[in-house]
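Visitor: Quick note: the sequence shown uses my numbering, first residue 949, plus one each step.
Just so you know, the hints here were simulated from the structure itself, not pulled from any lab data. Ideal placement from N, C-alpha and C gives every residue a C-beta, glycine not left out. Errors might be hidden in some of the hints.
Using C-beta positions, here's what the derived DEER-type ranges look like [as the list claims (entries may be wrong)]: (1) V1054 - I1012: 36 to 42 Å; (2) A1059 - Y1082: 34 to 40 Å; (3) F1031 - I968: 18 to 24 Å; (4) S985 - N1016: 43 to 49 Å; (5) F980 - F1023: 27 to 33 Å; (6) L952 - Y1041: 34 to 40 Å; (7) F980 - D953: 36 to 42 Å; (8) A1059 - G951: 46 to 52 Å; (9) D1042 - P978: 17 to 23 Å.
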Amino acid sequence: MFGLDAVTKRVAIGKSIGFIIGLSAFIFIPYFLPEASPTLKWGVFLWYIIFGAVIGVFGVMTKIPVLNVAMPWWFRGAYIGAFLNLAIALVAYDTLGLLMLSVFGVDGLMASPFWVVLEGAIFGFIIDFLATKYAGEGVTARE
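Please build the complete structure, drawing on both the sequences and the hints.
Guide: Here it is as structure tokens:
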């Protein structure tokens, strides 16, 4: 892909997928939360681009350094994605709560803002799968 090294390819793939996810959120948030501020929409859009880049960069790690245990792509992507979205859930709890209430209702099963952690795990899994498939991982990504 354009003569890039593997890490750059991973980051480009991650950012591209993050761009698609963020753009879809940017477009659809006003339908679910009409009073959403432009700051929220732009923040979510840019967050998922950064999200994809971080997952792409972490593709060079195939072991947990302290434990020296293998870290396969499916675990790495889901774990990092969940962790990153946990940070967002904690920081933007009130805003995410309003968004989830408007989508699922007061008695809805998924009304908790912490469902974005599962969303992060799913998106992280997808991003790391595609980045690993098309750009490699570990030592091959560092060369």
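Visitor: Evaluate the given range 18 to 24 Å for the C-beta pair formed by F1031 and I968.
Guide: 21 Å, holds
Visitor: Quick check: does the Cβ-Cβ distance between A1059 and G951 fall within 46 to 52 Å?
Guide: 48 Å, holds
Visitor: Does the beta carbon distance between L952 and Y1041 stay inside 34 to 40 Å, or does it fall outside?
Guide: This hint holds: roughly 38 Å between Cβ atoms.
Visitor: Quick check: does the Cβ-Cβ distance between S985 and N1016 fall within 43 to 49 Å?
Guide: 46 Å, holds
Visitor: Is it true that F980 and D953 lie within 36 to 42 Å of each other by Cβ?
Guide: 40 Å, holds
Visitor: Taking the Cβ atom of A1059 and the Cβ atom of Y1082, is their distance within the range 34 to 40 Å?
Guide: Since A1059 and Y1082 have Cβ atoms about 37 Å apart, the given range 34 to 40 Å holds.
Visitor: If I claimed the Cβ atoms of F980 and F1023 lie 27 to 33 Å apart, would that claim hold in this structure?
Guide: For F980 and F1023 the Cβ distance comes to about 31 Å; the hint holds.
Visitor: Within 36 to 42 Å or not, the Cβ separation of V1054 and I1012?
Guide: For V1054 and I1012 the Cβ distance comes to about 41 Å; the hint holds.
Visitor: Is the gap between the beta carbons of D1042 and P978 within 17 to 23 Å?
Guide: At roughly 18 Å between Cβ atoms, P978 and D1042 fall inside 17 to 23 Å, so the hint holds.
Going through the hint list in order, the structure satisfies each hint without exception.
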